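So you can see what is in the structure, the chains are spelled out below.
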Amino acid sequence: MAFAWKASGLTYNRYLAVAARVVRRSLKEGERLKAERRGEMELKFAKWENGKQGENKSLAQANASSMAEGAGHGQGQ
Amino acid sequence: MLSRAVRPAFNAAAVVSARPIAADAAGYATLREIEGRLKSIRNIEKITKTMKIVASTKLNRAQRAMVDSRSYGETSNTVFEKAETKPIESEDKKTLIIVCSSDKGLCGGIHSGLSRATRRMLEKKPNSDLVVLGEKSKAQLGRSSGKNIQLSFAGVGKDVPTFADAQAIADQISLLPTDYADVQILYNKFINATSYEATPIEAFSEEAIRESPNFAAFEIDDEVLANLREYALANSLYWALAEGHACEQSARRNAMDNASKNAGDMINRFQILYNRTRQAVITGELVEIITGASASEG
Amino acid sequence: MSLRVAQAATRIRPLAFRLPLQRRGYADPVSDKIKLTLALPHQSIYKSTDVVQVNIPAESGEMGVLANHVPSIEQLKPGLVEIIEESGGSKQFFLSGGFAIVQPGSQLSINAVEGFPLEDFSSDAVRSQITEAQKIAGGSGSEQDIAEAKIELEVLEGLQASLK
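Protein chains in written order, with the working numbering: chain E, 1 to 77; chain X, 1 to 298; chain V, 1 to 164.
Honestly, the hints are just simulated from the structure, not real lab data.
Each hint should be verified, as a subset may be incorrect.
[To be verified] Simulated DEER-style distance windows between Cβ atoms:
| id | chain 1 | residue 1 | chain 2 | residue 2 | range |
| --- | --- | --- | --- | --- | --- |
| 1 | V | I146 | X | E202 | 33 to 39 Å |
| 2 | X | A216 | V | G61 | 18 to 24 Å |
| 3 | X | N214 | V | G88 | 31 to 37 Å |
[To be verified] List time: in silico DSBU-like cross-link candidates among lysine-lysine, alpha-carbon distance up to 35 Å:
| id | chain 1 | residue 1 | chain 2 | residue 2 |
| --- | --- | --- | --- | --- |
| 4 | V | K91 | E | K34 |
| 5 | X | K125 | E | K52 |
| 6 | E | K34 | V | K135 |
| 7 | X | K124 | E | K47 |
| 8 | E | K47 | X | K158 |
| 9 | E | K57 | X | K58 |
| 10 | X | K104 | X | K147 |
| 11 | X | K261 | X | K46 |
| 12 | E | K44 | X | K93 |
| 13 | X | K86 | V | K47 |
| 14 | E | K57 | X | K93 |
| 15 | X | K86 | V | K35 |
| 16 | X | K82 | X | K93 |
| 17 | X | K49 | X | K158 |
| 18 | E | K28 | V | K91 |
| 19 | X | K124 | E | K34 |
| 20 | X | K125 | X | K39 |
| 21 | X | K82 | V | K35 |
| 22 | X | K86 | X | K189 |
| 23 | V | K91 | E | K57 |
| 24 | E | K52 | X | K86 |
| 25 | E | K47 | E | K57 |
| 26 | E | K52 | X | K189 |
| 27 | X | K58 | X | K261 |
| 28 | X | K39 | E | K44 |
| 29 | X | K124 | X | K189 |
[Said to hold, decoys possible] Coverage of chain E stretches by chain X, computed from C-beta distances (three or more under 8 Å per stretch; other residues unrestricted):
| id | region |
| --- | --- |
| 30 | 5 to 15 |
| 31 | 24 to 34 |
| 32 | 39 to 45 |
| 33 | 48 to 55 |
These numbers were taken from a predicted model, which means no experiment stands behind them.
Quick reminder that beta carbons are idealized off the backbone N, C-alpha and C, glycines included.
The task is simple: from the sequences and hints, build the whole structure.
Put into structure tokens, the structure is as follows:
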């Protein structure tokens with residue numbers, strides 16, 4: 001049961017989010033519009049070092065690039 | 001009631017009267033001042049009442065989301081209860097505290113309650129790491145415990161949180177380099193419409209799950225345990241965010257309700273003061289007119 | 001469909017038949033039921049409801065869960081879950097993925113991210129997305145884009161088969 005997505009650096013939560021997104025997009029119009037709001041994510045985040053906050057960055061972008069870095073290592077926490 | 005148009009006539013009468021006018025002038029100034037205050041308090045009352053209606057509408061949605069999220073989170077955690085999972089007891093491994101606050105204020109002591117509870121936890125385990133969701137607790141904890149903070153998240157609390165939010169947060173938290181003995185998700189637990197309490201939900205490491213006393217009772221494919229742990233963290237985070245959000249909306253509604261009530265009380269008091277002052281002014285003027293009339297007769 | 005049910009039933013694990021000691025004759029009406037909780041983040045579909053059998057699309061294979069099934073932690077593939085209710089009727093939901101956990105004491109907990117009855121889906125939307133995802137999966141995008149398109153294809157093909 002090796003997971004192909006894991007080898008590409010995706011986390012299980014990302015795998016689930018992608019599967020949920022495509023399920024929502026497959027719904028009939030009315031249901032789809034309501035459901036798609038549940039996939040929205042616009043958070044920002046910052047790393048802290050020694051009591052100092054770093055720059056606020058887009059969480060979606062940061063997650064995507066860390067998964068790209070994790071590719072090939074079968075990384076998954 | 002005397003109309004405004006009539007007043008100048010009284011004014012003129014006051015000027016021609018023989019009595020000193022200082023007291024009356026003060027009476028008029030006070031009357032106008034009181035009128036001004038009344039007007040501005042009425043405006044404030046209108047605003048807080050509108051904000052209360054908005055918060056009530058949002059509260060209904062937030063509470064529905066809370067009920068579903070709680071049942072989702074409890075369902076997800078049932079397996080750890082049955083397996084009797086406990087955090088790893090380890091002197092050299094740290095605790096991670098995830099504080100579920102939000103970006104928005106005007107909701108009473110909801111965020112400071114979380115920050116206080118966090119500081120109490122830090123007193124027991126001063127080397128714990130912090131992840132802070134929401135700008136409010138970040139500002140408070142940044143001052144007192146900045147050195148413990150590893151990550152802070154912004155954009156929390158604009159609307160009912162989404163599960164996608166919780167998943168993205170869980171992914172970033174999983175990237176932290178430290179292997180924690182124990183993860184505590186601190187959120188505001190909804191007790192009733194007027195009270196809430198900072199409460200932790202436990203999230204477990206893979207090691208802790210594997211070492212659960214009753215874990216052997218379950219059949220499991222080794223490969224899926226890491227996925228279960230990742231998913232369970234997102235599930236608990238979602239529950240904490242959704243319930244915290246409902247507490248916040250409830251507190252905001254109550255804050256606006258109290259503000260409207262206070263404004264109502266003040267309006268009543270100022271109305272009484274206004275009526276009394278006006279009565280005093282009229283009485284004063286009548287006295288003057290009568291005095292003037294009797295003087296001219298004499 | 002009847003074929004699928006039969007198939008699922010044959011995969012029931014041996015311990016499913018290790019019922020607790022019972023009086024001979026008519027079985028206790030409670031003991032042969034399983035308490036199902038099926039929860040999505042935004043909706044509780046079943047909340048500790050007594051049902052007869054639940055067929056789940058586990059990564060380890062299709063599985064039929066009856067009362068007294070051995071405790072088990074199963075990752076779910078995106079796919080159809082079928083619930084045979086006490087009345088004898090059955091309900092189906094397409095789940096986007098999650099976990100099903102057979103707890104001790106005939107209790108089944110399922111967490112999934114999205115779940116809908118089949119009538120909520122649009123075959124047209126599924127078809128057009130398959131074309132789109134195939135393009136990306138066979139294209140020259142990043143490794144992650146291709147991996148995501150493959151996840152989408154797995155879900156969409158499952159949906160298409162269920163909708164037929």
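Status of the hints after comparison with the structure:
For I146(V) paired with E202(X), a C-beta distance near 37 Å keeps the hint of 33 to 39 Å intact. Separation of A216(X) from G61(V) is about 22 Å and conforms to the stated range, judged on CB atoms against 18 to 24 Å. One distance hint, 31 to 37 Å for the beta-carbon pair N214(X) and G88(V), holds here, with the actual separation near 35 Å. Proximity of K91(V) to K34(E) is assessed by CA-CA distance (about 23 Å); at most 35 Å being required, the pair is judged to hold.
A threshold of 35 Å between alpha carbons decides the hint, and for K125(X) with K52(E) the separation of about 21 Å falls inside it, so the pair holds. Proposed proximity of K34(E) and K135(V) is supported: the alpha carbons are some 28 Å apart, at most 35 Å. A C-alpha spacing of about 24 Å is found between K124(X) and K47(E), which places the hinted pair at or below 35 Å, so the restraint holds. For the given pair, K47(E) sits about 22 Å from K158(X) by alpha-carbon distance, which is consistent with the 35 Å threshold.
Of the pairs offered as hints, the one joining K57(E) and K58(X) holds, with about 28 Å between alpha carbons and a cut-off of 35 Å not exceeded. Taken as a hint, the K104(X) and K147(X) pair is honoured in the structure, with Cα atoms around 24 Å apart against an allowance of 35 Å. Of the pairs offered as hints, the one joining K261(X) and K46(X) holds, with about 11 Å between alpha carbons and a cut-off of 35 Å not exceeded. Under the criterion of a C-alpha separation no larger than 35 Å, the hint pairing K44(E) with K93(X) is consistent with the structure, at around 28 Å.
For the proposed pair K86(X) and K47(V), the alpha carbon gap of about 26 Å is at most 35 Å, so the pair holds. Annotation: proposed proximity of K57(E) to K93(X) holds, straight-line Cα distance about 29 Å (limit 35 Å). Among the hinted pairs, K86(X) with K35(V) is consistent with the structure: their alpha-carbon atoms are about 26 Å apart, no more than 35 Å. Using a Cα cut-off of 35 Å, the hinted pair K82(X) and K93(X) holds, with the two alpha carbons roughly 25 Å apart.
In summary, the hint linking K49(X) to K158(X) is supported, as the alpha carbons are separated by about 21 Å, within the 35 Å threshold. The suggested pairing of K28(E) with K91(V) holds, with an alpha-carbon distance near 19 Å, which does not exceed 35 Å. Distance hint between K124(X) and K34(E) is unfulfilled; the C-alpha atoms sit about 45 Å from each other, more than 35 Å. Of the supplied pair hints, the one linking K125(X) and K39(X) is violated, its CA atoms being roughly 53 Å apart against a limit of 35 Å.
A C-alpha spacing of about 15 Å is found between K82(X) and K35(V), which places the hinted pair at or below 35 Å, so the restraint holds. Distance hint between K86(X) and K189(X) is fulfilled; the C-alpha atoms sit about 21 Å from each other, no more than 35 Å. The straight-line distance between the Cα atoms of K91(V) and K57(E) is roughly 44 Å, outside the 35 Å bound, and the hint therefore fails. Between K52(E) and K86(X) the alpha-carbon distance is near 33 Å, which keeps this suggested pair within the 35 Å criterion.
A C-alpha spacing of about 9 Å is found between K47(E) and K57(E), which places the hinted pair at or below 35 Å, so the restraint holds. Note on K52(E) and K189(X): the hinted pairing holds, with a Cα-Cα distance of about 30 Å set against a maximum of 35 Å. In summary, the hint linking K58(X) to K261(X) is supported, as the alpha carbons are separated by about 20 Å, within the 35 Å threshold. Of the supplied pair hints, the one linking K39(X) and K44(E) is violated, its CA atoms being roughly 42 Å apart against a limit of 35 Å.
Restraint check for K124(X) and K189(X): the C-alpha separation of about 22 Å stays at or below 35 Å, so the hint holds. As drawn, the region 5 to 15 of chain E meets chain X at 4 residues by the rule of a beta-carbon pair under 8 Å; at three or more, the given contact holds. Residues of the region 24 to 34 of chain E lying with their CB closer than 8 Å to a CB of chain X number 0, which falls below the three-residue condition for coverage. For a cut-off of 8 Å, the count of residues in the region 39 to 45 of chain E with a CB near a CB of chain X stands at 7, and the three-residue condition holds.
Chain X is given as covering the region 48 to 55 of chain E, and this holds because 5 residues of the stretch bring a CB closer than 8 Å to a CB of that chain, at least three being needed.
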